[in-house]
Structure formats: C-alpha cells, structure tokens
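J.: Each chain, letter by letter, is given below.
There are 2 protein chains.
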Amino acid sequence: MPFAMAIEMIHNFSLIHDDLPEVDNDDFRHGKPTNHKKFNHPTALLAGDGLLNQAYIVISDELAYSAENQYKENTKNKVRAFNEFTKAVDRMIVGEYLDTELEGKQISKEMLEYIHVNKTGALLKLCVRMGAILAGANEENITRLSRYADKIGLAFQIKDDILSEEGNPEITGKPIGNDKEMGKCTYVSYYGLEEAKQELNKIIKEAIDELEIYKEKAEFLRQLAIYIRDRNK
Amino acid sequence: MPFAMAIEMIHNFSLIHDDLPEVDNDDFRHGKPTNHKKFNHPTALLAGDGLLNQAYIVISDELAYSAENQYKENTKNKVRAFNEFTKAVDRMIVGEYLDTELEGKQISKEMLEYIHVNKTGALLKLCVRMGAILAGANEENITRLSRYADKIGLAFQIKDDILSEEGNPEITGKPIGNDKEMGKCTYVSYYGLEEAKQELNKIIKEAIDELEIYKEKAEFLRQLAIYIRDRNK
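Residue numbers (numbering that gives the first Met the number 0), protein chains in the order written: chain S, 0 to 232; chain H, 0 to 232.
This is chain S alone, in the form it adopts within the complex:
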C-alpha cells in the first residue's frame, strides 16, 4: 500500500502543477476549483512540491522498516520499485515539459506519441510494473505486463483527447474544445475524431490480448482496459 499511496501523491502533485496559470491555466478540475484558485499561486506551487517529496517520505519509511527488520528479499524488491519510481516521475516531468514547450506548434505524430508515452504513460506503466515487482514476479511476466501497460497508457491519452472534443462538459467538468482553443496538438487534431476512435479500439484489443495467458486472474486488468476505452469522464 505505501507505494500505491506514493503514486497517488505523484498524481496529485502533477495535477496541481499542470493546472497552474503558467502551464495549462485551468480554473476547474472535475468541476471543482483548482488548488491555485481555491488557495493561491505560491500555495499551489509549494503544495505540489510538498506532494512530490511526500511520495518519497512514504517510500523511505517503508524501506527503513524493511531494512531495520532484515527483510532481505523484500528490501531488494522495494529498492527496485523505488528506483523505477524515480525514473517514471522523471519521464512524466519531461513529457509535461515537451507538451508545454511545444504548445501551439506543429509536431510530428512521433513526437505526439513520445510526449504522451512519457507524460501520462510512464506513471501508468509504473503502477503495473511496481505491482509485479513487489509481488515477486519473474522478468518474463514483468515484461509482458509492461507491454499491456504501454498500450493502456496510450489508450488513456487518446480517450482523453476524444473526451476533450466531444465529451459532456457536465460530466467531464472540462469545457468542450479547450485543447483546440489552446492550439494543442492532440490525437484528435492529428487523426481526426473517427480515426482516433478506431485507434483506441485497436490498442485496447491488443492490451487485452497480452493478458490471455493469465486467464481469469487478470480480470481486473482486463476490466481496467475496458474502463479506459468506455469512460465518459
């Protein structure tokens, strides 16, 4: 659980900083005022910093507990999970940087995918890999689950772009066409709405195919993929 809490903190850190006036300049998220609107700009900056660091407090407490109690195998897996954690967060920040820096510019399809693989995909992949690593999975399974994670990560972003174009603002809590207005390159602006939907379906099918070998044990991951495809917010 501590690693799951740490992921949640990283997620919240990134939302708070992404909403800031100098990045996405969003006043609302899921219909509620964003941190800098509810409090103020420096508070949101430091709340984000604090949350990013808090993730590592939780991880280090967990590691300290294992190390003090001489849980050797346990400590080794947790150190590996911690190591992968730091690198996924780095990729997320790099993705966010590229997304911000290239806003309103024409970018290639490859760059668009590179940004999303990092910006939103890295953390999702981390969740799946950390689960496998902490459960003591072998390398083959870690690699297979990573492919699944890459696919749902990409699918998540495509769905996000579709919702931004045609979602119900009362459900998504975001104004329609906000991305377009900001001049953002999205899957929809690149592929068009219909092709983006086909791409989404194809990728989700591929993700589910990766899970076949696990039969009913992977039901949660299968449902997660379907949820990502069908969600309306």
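Which copy is meant is left open, because identical chains are indistinguishable; a pair holds if it fits in one copy or across any two.
Once the Cα atoms are required to be at most 25 Å apart in a straight line, the calculated DSS-like pairs of lysine-lysine come out as:
#	residue 1	residue 2
1	Lys75	Lys86
2	Lys37	Lys104
3	Lys216	Lys201
4	Lys104	Lys196
5	Lys108	Lys204
6	Lys36	Lys104
7	Lys232	Lys201
8	Lys204	Lys216
9	Lys36	Lys232
10	Lys196	Lys108
11	Lys232	Lys196
12	Lys214	Lys204
13	Lys232	Lys204
14	Lys37	Lys232
Hints are computed from structural coordinates only; laboratory data are not their basis. Remember, it's a predicted structure, so these values are computed and weren't measured experimentally.
Got chain S sorted already, so can you dock chain H onto it with the hints?
T.: Relative to chain S, chain H alone:
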C-alpha cells in the same frame, strides 16, 4: 558522493522555485538572470520539479547498487540517510510555505526562528547528519553534530539578513534592502542590525564549542562556521 549530489540538486530546486514571480519574484541571483528570466516561467517550474525528483534518482541508483551487491550494513545506513533526506526536504518546503504565507505580516520571534530552522536549517543539518550516518558514526556523535548543525543553520540565516541590509550589492548580487521593501520579517527587522550581529557571534561560538571533543579532526567544520560568520556574499 551521490548523496552530496542529491543535496546540491535539492538546493538548486529550491532556489529556482523560490525565485519564481509568485514567490520571491527575483530576476537575478548572484548577478545572473534567474531560471524563469533566462528561459520562461513553465520551464523554471518544471526544471525545479525535475531537480527535486532527480535527487531521488541519484539516491535510488545508489541504493539499488548497494542492495544488488548485498552490502548489508551499507544499505542500512543509506536507507536511513534517504529517510532523513526526505524529511529534511519536507521541512524546507514547509518553511518556505510559512515564509511566503506570512510575508508582510507581523510574526513572533519564535515563528521567525521556526521558519528559518526549517527553511534553511533543515538542509544544512541534513548535510551534517548524513555525513555522520554514512560514515557509520554512533548516536552520541550524530546528536552532537546535529547541535552544531542547528547552530550554523541559524547563523547562516542571520548573516543572510545582515547582508541583505548592509552587504555590497556588487558582491552579493542582490539589491540592498530588498527584504525590507518586500515587507519581510527578518532577524534585522526584529533585533536591529547591531543586536543581530551580536547574536550571530554568540551562536557561532556555541557551534565551535560543540566541536571541541574532536580536536583537529573537526577543523573543516570549524572553518565552515567561521566562514558563515565572515562571508560577504
């Protein structure tokens, strides 16, 4: 060395975020344009985020190396150093938050000290404690060195406030009286310039007294305390 590099990264993260328009709004540091002036606001935000996280990349690489190679005692000390690291960074961020939130307000001497013990003192104390922990020092020595660190941390801030009042702007790279203009509570605004100087001398003497037992082995720490008192930038 990795832990020293990590400290450097945290230091730079905090400078970049503290200089941002919504916090201290500084255009120059040591005579050079600050990150958001040289690049732009979102870049400085994400550069700070990236550096904070980079510190943990370096630490986790170091831990992974120790854990893979079964260096047990070593790993245990490094896990403890990592654990203390996360908490010192948290205190630094809390100190920065209070400093920002209470700017321009009348605050008690106790609050002023609390802010500085956290904002600047926590990281300095961490440097000293991590050195002792990683070198395998016993608890008695770790505690004694912590007292030394608390004192030089406080002294550092008092000296900062004195320099901000009467330093040479060509050497400090900061305009004179900037703190006063921003309505900041400082040691100088609280004690007055002369009393602040006396306080500085008294605290540095106490710090050096803590080192007596180590004789010539503590010469570096002694010189560091003297440097903090006598620096002109």
